[in-house]
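Participant: Sequence:
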Amino acid sequence: MGQSRRRYLTLLGTVGLGTLAGCSGVDDGTSGGNGSADDGETPAENASSGSGSAGASDAPGENGSDANETGNETTPEEPPVARYDEAASVSFVLPNDGGTAHTSPTVLVDASGFAVEAAGERVDGEGHLHLLVDADPVPAGEPMPEDDAHVHLDDGSVETVLDLDEGDHELVAQVADGTERATDITDRVSLVVANDATVTVETPPDGAYLGRRVGVEWAVSEGVSLAPAGGLAPNTGYAHLLVDADAVPVGDPMPDGEDVYPADDGGTRRTVDLSPGEHELRVQVSNGHGLATALTDSVTVSVD
Numbered sequence: 001m002g003q004s005r006r007r008y009l010t011l012l013g014t015v016g017l018g019t020l021a022g023c024s025g026v027d028d029g030t031s032g033g034n035g036s037a038d039d040g041e042t043p044a045e046n047a048s049s050g051s052g053s054a055g056a057s058d059a060p061g062e063n064g065s066d067a068n069e070t071g072n073e074t075t076p077e078e079p080p081v082a083r084y085d086e087a088a089s090v091s092f093v094l095p096n097d098g099g100t101a102h103t104s105p106t107v108l109v110d111a112s113g114f115a116v117e118a119a120g121e122r123v124d125g126e127g128h129l130h131l132l133v134d135a136d137p138v139p140a141g142e143p144m145p146e147d148d149a150h151v152h153l154d155d156g157s158v159e160t161v162l163d164l165d166e167g168d169h170e171l172v173a174q175v176a177d178g179t180e181r182a183t184d185i186t187d188r189v190s191l192v193v194a195n196d197a198t199v200t201v202e203t204p205p206d207g208a209y210l211g212r213r214v215g216v217e218w219a220v221s222e223g224v225s226l227a228p229a230g231g232l233a234p235n236t237g238y239a240h241l242l243v244d245a246d247a248v249p250v251g252d253p254m255p256d257g258e259d260v261y262p263a264d265d266g267g268t269r270r271t272v273d274l275s276p277g278e279h280e281l282r283v284q285v286s287n288g289h290g291l292a293t294a295l296t297d298s299v300t301v302s303v304d
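Residue numbers (the UniProt record's numbering): 1 to 304.
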């Protein structure tokens with residue numbers, strides 16, 4: 001600050017002397033030249049200083065340029081969920097809204113306006129189903145929760161069998177994209193689960209001693225029906241005879257194998273050849289597409 005003040009005073013002094021010289025009518029070319037030289041030097045220095053100030057003022061411009069470059073390099077954020085046609089929808093085929101399930105209810109959902117695919121990648125116009133049990137729909141764009149109230153059909157299926165407690169329930173079908181982000185494509189039904197149906201092995205009796213060829217018969221209680229495989233209807237399915245096998249978890253496909261005898265004609269009897277020893281004979285009912293329900297019964301027999 002002291003140096004600038006001295007330059008400023010020098011400039012004033014020079015200007016003052018020039019003014020006095022003009023008033024006195026003195027025309028000293030040498031002096032005027034020196035004065036001009038002095039005047040030129042000081043403004044030049046000031047201009048240089050001003051240029052420095054301009055450089056400082058350019059800094060925000062450089063920063064602004066950097067900011068713009070950074071902004072240009074930023075990738076626009078993708079939407080939180082895949083895009084779907086406005087006509088995309090889901091609707092429950094089973095269970096019937098307000099119906100009663102006497103055993104594990106079959107759930108079948110119709111999808112329209114988009115492709116149902118297994119979870120994996122996010123693709124516009126593709127998604128998979130979730131079944132929400134007594135839970136509100138997940139807000140669009142949020143991840144689908146992983147808990148017992150949210151059944152993920154990540155394999156791209158539209159059908160399952162649920163194991164529900166007795167009582168009133170509400171089911172919501174909700175679509176998520178391939179990365180498990182919820183959409184606003186939903187449907188809702190309510191149902192009453194009675195769980196009062198049974199299947200019973202009637203022959204042979206539990207603990208019986210038998211020959212190697214054994215006929216097994218069973219019956220179902222009121223509230224459920226047996227029918228040939230292939231169709232789907234509430235409280236309807238067909239039986240399977242399992243030899244020395246545990247019950248199949250509800251909703252899983254019934255197994256194939258030499259120790260599994262499906263009565264896919266909707267019948268109530270099968271005959272099997274058993275090796276000597278003790279055996280467990282189990283009957284389990286599936287829905288019409290072979291997905292296990294909770295209806296099962298078993299007896300233990302000995303073969304000579």
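Treat the hints with caution; some may be incorrect.
Unchecked claim - Distance windows between CB atoms, simulated:
| hint | residue 1 | residue 2 | range |
| --- | --- | --- | --- |
| 1 | G113 | G257 | 36 to 42 Å |
| 2 | G230 | P139 | 22 to 28 Å |
| 3 | E280 | E117 | 37 to 43 Å |
| 4 | S89 | G223 | 44 to 50 Å |
| 5 | D85 | T179 | 15 to 21 Å |
Derived by calculation from the structure, the hints in this document are not laboratory data. Using N, Cα and C, we set each Cβ at its ideal position, and we do this for glycine too.
Participant: Against this structure, judge whether each hint is valid.
Facilitator: Verification of the supplied hints:
no., hint, verdict
1, G113 - G257: 36 to 42 Å, "40 Å, holds"
2, G230 - P139: 22 to 28 Å, "39 Å, violated"
3, E280 - E117: 37 to 43 Å, "40 Å, holds"
4, S89 - G223: 44 to 50 Å, "32 Å, violated"
5, D85 - T179: 15 to 21 Å, "19 Å, holds"
Comparing the model with each numbered hint stated earlier shows that hints 2, 4 do not hold.
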